[in-house]
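With the hints in hand, could you dock these two chains into one complex?
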Amino acid sequence: MSQVVSATTTAPAGAATRRDIGVKRRYAAERRFRAYGIAAISFGLLFLFVLLNSVVSKGYTAFQQTMITVPIEFSEKVIDPTGKRAENPNILVMANYPVLARDAVAKVLGVDVKNRAAARQVSELLSDSIRVQLRDIVQANPSVIGNTVNVTLLAHGNVDSAFKGQIDLSVAESNRKISDQQLTWINTLADSGALSKHFNTGIFINGASSRPEAAGVGVALIGSAYMMLIVLVLSLPIGVAASIYLEEFAPKNRFTDLIEVNINNLAAVPSIVYGLLGLAVFINFGGFPRSASIVGGLVLTLMTLPTIIIATRAALKAVPPSIRAAALGLGASKMQTVFHHVLPLAMPGILTGTIIGLAHALGETAPLLLIGMVAFVADYPTTPMDPATALPVQIYMWANEAERAFVERTSGAIMILLMFLLVMNVGAILLRRRFERRW
Amino acid sequence: MSTSILLLLVFAIGVVAYVLASARANALAGGKPSNLHSRYGYHGAFAAICAILPAILLMAVWSLATPAFVENRVRASFPEEVKAMPDATINLNYGMVSAIARGMSGLDAEERSRLVAMPGADARALLADRGVPLADDPQPYMVKAAVEVLDLSATNRLILTIAALVISVAGAFFGLRSVAPRFRARNRVESIILASLVMASSIAILTTVGIVLSMLTEATHFFRMVPAWEFFFGTVWDPRFASAGTSDSSGQFGLIPLLLGTLYIGFVAMLFAVPIGLFSAIYMAEYASPRLRSIAKPLLEVLAGIPTIVYGFFALTSVGPFLRDISAQINGIATGDFVNFIQAQSVLTAGFVMGIMLIPYVSSLSDDIITAVPRSLRDGSLGLGATRSETVKRVILPAALPGIVGALLMTASRAIGETMIVVLAAGVAARMQLNPFEPMTTVTVKIVNQLTGDLEFTSPQTLVAFALGITLFAITLCLNIYALYIVRKYREQYE
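Protein chains in written order, with our numbering: chain G, 24 to 462; chain Y, 10 to 504.
Just so you know, these hints were derived from the structure itself, not from any lab. There may be inaccurate statements among the hints.
Every beta carbon over 10 angstroms from chain G, so not counted as near; a handful from chain Y, in silico [to be verified]: (1) V24; (2) A36; (3) K41; (4) M94; (5) T98; (6) T229; (7) Q261; (8) E399.
30 angstroms max Cα-Cα, derived DSS-like pairs, lysine-lysine [said to hold, decoys possible]: (9) K306/Y x K340/G; (10) K137/G x K100/G; (11) K130/G x K107/G; (12) K275/G x K498/Y; (13) K47/G x K402/Y; (14) K130/G x K47/G; (15) K130/G x K100/G; (16) K340/G x K498/Y; (17) K357/G x K41/Y; (18) K200/G x K275/G; (19) K306/Y x K41/Y.
Where a beta carbon is used, it is the ideal one built from N, C-alpha and C, also for glycine.
Only chain Y is shown next, with the shape it has when bound in the complex (with noise of 0.2 angstroms):
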């Protein structure tokens, strides 16, 4: 029986024993639902969860724990030859049995039993035509071994449907049976909703230790192969894909050209997103009437809603091309030689559209903060006479400073962490040099570059995108984390 017919099942069992309790405390009320304690489908419910959560608890248990067992019975019914080889080649024989299982669970019993007493090149043909292609012809053992995983596959499916059924029925049998006026039905369902509701909110924790570990461990690896101190204060970046087959690590893997890149970028779109933003911010907080506000704000905040993959588009196409075209016109004016000075992918093609994108979360944080500062303020100041850009500069800006500082933070995490843009926008040569108009990379054009493609888990060349992973997981949370703290310090001054 399929795991969906199963859980099916289940599911209808608990209904079943959902609609019984129901009916059952319904009668036991007899009218007056006063002489119950819990609403009669609060009983409906804890017996359907009677009948579904163990019996679900169960399969999901199951499923993970029998791959491995079936696994280890095969691989000790392994001829004594087989298992004296290296452990990579039972690998490789043990994944040529689970395609083989997997070819024969499609072929009805007759041709099962022609394929046993097949010879190996004939079986290999037939699976091909069924869809399942092996890498060699499969040995009698292989067969045989696939037979048995198919059995034992077969016989742990059928202990499962049956103890799951048993399980079910006799959880519902349990519900039933608990329905009783004084049975605090409504208590037992809510503490498992909210057992649910626990589990639901660790989910954002799991969601950091996954990321941590899972980097982590990848990164160890890498670390393995190449020295910390060669990667965090290398100069050189030069990973030279491993030719296949051999995994020497003879390539170079220096960090400092790319966080060079990184932050030469980061910077430059901060000097474009910094000002326009602020300037705005202010204008919208401070001077703008009503109705441009409602206008002006929705408008700039569509630039934050756009995919960044549309501004990478956008500086390949239109950005870079304009400032290279520009940059010969400038140069041929003013020494006659139409050679243009910036290149199509450059830090500051970039970092201008980076910036572009960073307008809208500048002016949107800066605006909170700004509209935050108490009116009193405000009012004092322009009571004594000062002009509004006076109080603006005086007054206003020093009370939101650290808010403002720490949205900043927050604004150039996320252009250290941007993707899409650098890699359309940014070039892939890693160099060390600080002309803005050349092409720089960044580590996350880098982590994209190690990843795409075929890959393999061995390789240094593959594992230090983990490496860079780990590194600017690293930068982004002390920035966040350090943003987040100068907000909350700056709000508590006004409450």
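Bound-form chain G, shown alone (with noise of 0.2 angstroms):
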């Protein structure tokens, strides 16, 4: 090698004395070799690209919400046709509330709704949740009864795909979920200014329902909220006083050997295994109930408790020995060295790591699916003892949904899912930037 070397450096002169050793073939390999370093790397960032498009372009449409505004009059014949609501609170309960919506659109679209088969296209138009919309004016205020008044209402989550342009108009008219006629009708209201987008509130604060337009994510919230608390209040101070004492008081010996290998696994785990033990061990032995977000809580503080652990040792020990040594040599105990110099100054690594463990677990789903979070939880859990959903597994009921409308309202929920976590990370770096510090 030497000898080419120096063949290539005295004899630099004449091509023809030059040794062939190959140079540029080998930097036509170096060349190749750094283009598939940069390939391998835009491939990575393509994808991510291509994900997180994906995901916005078909999920941005799910914030807003198409609805129809209509004066209606609240007929006292359709309402309570027998004049009996004051003695039998039912009738107000029981009425025929989608009638009144129905006859509204009715009327401005100049449809007569003695014609049946209108008449249905029309109540079509509507969602099916504006019967408890309805309900619930009338009752909150009776006097409403007999007068004409404008009310925003619901769009069918057809008519509201249609009016964002998804369904594909080239398809005959019989496999449809729309008809022509609806669409002329969706047309005029446009024209009109009767049918129009709004910021959809609902898709966060519903709970379950089978019709996309009235779905929302907000039992799921409620339900990822309560388990977040859970595994924060449980999970960082267990975490921290493991670490403490496996990295400043264990002996080194078999015991402690044996739990850093432990925690070492169990951070690699399938989660899956997790949702396994918390069915037998929580719901199965301990008799807590299914779908609670309790049980979710703890399954998912045993799944994030070696993440924490793993984050906060390595935390302690980027603290220097000095400080230990100072505040032993000033007299301190080791536990008030630990507890009052050391563990104050672990503390931003210590909150990152349990950020990002946090994260972890909020987008964790298959464990959830096991203790038996894939309900239809339409009511708000008052306690985390209540039936509820979690985020992530509420993506996976609507993925799994046939309807148009579902996956749109599916990239919508995946939006939100996807902004916690870019919260909880950009919190974490910001707290990393802010606090560490370089010793």
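And the structure:
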């Protein structure tokens, strides 16, 4: 090799005397190798971009909802034909509210409601949830009966999809969810300003629903919040205590070795195994209710603990021994050294690790499926013992729905989830930047 | 008195003990803290611990023990003809008794006495009205037993309240009495803290024990119904959901097709993830400018932070249909017949998307290992005239190989345990075939399938999930232990 080098350096002049050591070929190989590297990184980034793009492009419309605003005549003839509502409050509950809305929309469109087929088509423009909406209006204020009020009604999921241009209109009318007649009506209503898109608050506050236009992640958000709270309250103290023991106090023996190996392995156990553990121990043996956020919280705590312990140990290790030596030298006990000096200095690292662990727990789905959080929950859970779902589980359930409008909702829910994760991760990064010390 | 109020009271006593003991220690010091062995806060903390800890331990033991005690007493009081019934019936009856007791606890004294006198049907209606529906009309002895349950629980609660408060106050007094200049309060408090630290760290072991024990017990139940060799070597997966009431295990539970699907999908995923991840790691470690590195590395790691359910949805709605359509186009151009040869749910779809998910694992683990190779090896190779790529290929990679193999094994264990992507993108048909364009299924998919929905812990259809789980746990555990062993062995070389 050295001979080759000297040959090239001592005889720079004549190309004929230069020995061919394949420099060209080797440089080409170098360039190829470099290109592979760039290609690999660009592939990775491209996939990231495509993934986010596909979610956002499908999902951003979920934050808008088509609504129809029409003057509704709260006719006494429809609500209370017998005039007995004073004696029997059930009449107001059972009244045929959808007819009120249908008649109002038909009047705006100039459709004769006596024509049954047309009337049915008109009522298909509106969501089924308007029954509850109108009932609530009337029950809150019974004096509205007999008057005409402008009400903004939720449009049906198909109307919503059609108005957002998500329904393929080249398909034959009979195979479509929406008829040509309804499309004309939608356009008429849109032109008159009665039908328009509003910001969709429902997706944030509504519970589960089989109707896409009325479905939301409200219950899932509450469930996830409960679980994150439980995970935080349990795993942070336990994780920090465990790492302090292992890092600062534990003697080097079989037992601590065993714990170490254990923690490393637990961090790599598939999450679904934790679900099986939760099912067998907490639900089957411990008698906790299925679908409750407390079980989810406990399972996620066990799953997050190894992450937090590993991060905390790294943070404790990063505190220089001189700090400990100084504290001990001034007469502090071992425990005082750790709790008064080492732990506060390691806190930013610990919190960063905790936030990242929480973010992982927030996106985890598989163990929650096994403990029965795949449930149709329409009511808000008031305690962690009540049935609830979680954000990723809600996404899973919606992903299995066939309707077009649910694809949009699913992507919207994913955007909400990613937004939470983004906030948490950015928070962790800022925390690290702000408080990290280099010794 | 409810448990939470009792807990609050005990804590209040603890706080009082803390304040009093610290004040006493402060007074004893007489303005010179060095007169005391421990600072006054430690004396306070010791008193507080004495007041709180024993009382809480008592409450914990009590609340674990009393339900069993009450149940035994009440069961013993059942009429003879009920006791003669089979165990399952007695259990059902006891379930009703506790439901009645739960309903009665919401009634006031007058309603309660009325309920005891009522005929069964009325009592059921009344309880249903209060939100406790019963499966059947309660018989008179059940109502009587329910009253006994309530009485016993009330007595228990009273005893517990008194005992806990007495112990708490006694503890507080003990703590107060022990305040003295020479008393080593700090050492006592610190040893209690140390004990709690040890307990916290043994939770890791408890979790592992819990995982292994819970899955082993359920899996043994399963193997009692289905022979182990039929499970481990069976080639047909057809669990056949049991019809209600029958517990015959007519289904076939062959692990092989599931394992094959798992490994196949994992293999396809590694096929995508390893080259891309490895080349990005090499580029980041050896070529990239600090600027590019500081941008590209976190961006790639974003891929690891995205929840797997999102990947699953991406595979289901974007990648799967895309591959299906493009295969139809290719087929159309090649043969004129526009039929797709790639299914929307297929080994390829799941493997590809899982591969994307695994890229950051491969790249960041290998990046760490490549940068850990000592500078001198690099300098030596470059100094001898090797190009960068030759240095990487001939010097760095061989030196880093054991570590990289360890990293790849860890990644593979992640691929095997991955659930949500395969649940949404791989399909549910358990088949033995080698066409990557067809759907296959995995162990994790079947665990989810067998355990979602209503389940009873007696049928093999449900219990098989635990046998699958323990298999999965064993495989990933072996991979990880082997990977850790390789990585550790490798690390020692340069230290």
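Indices of hints not satisfied (ascending): 8, 14, 18 and 19
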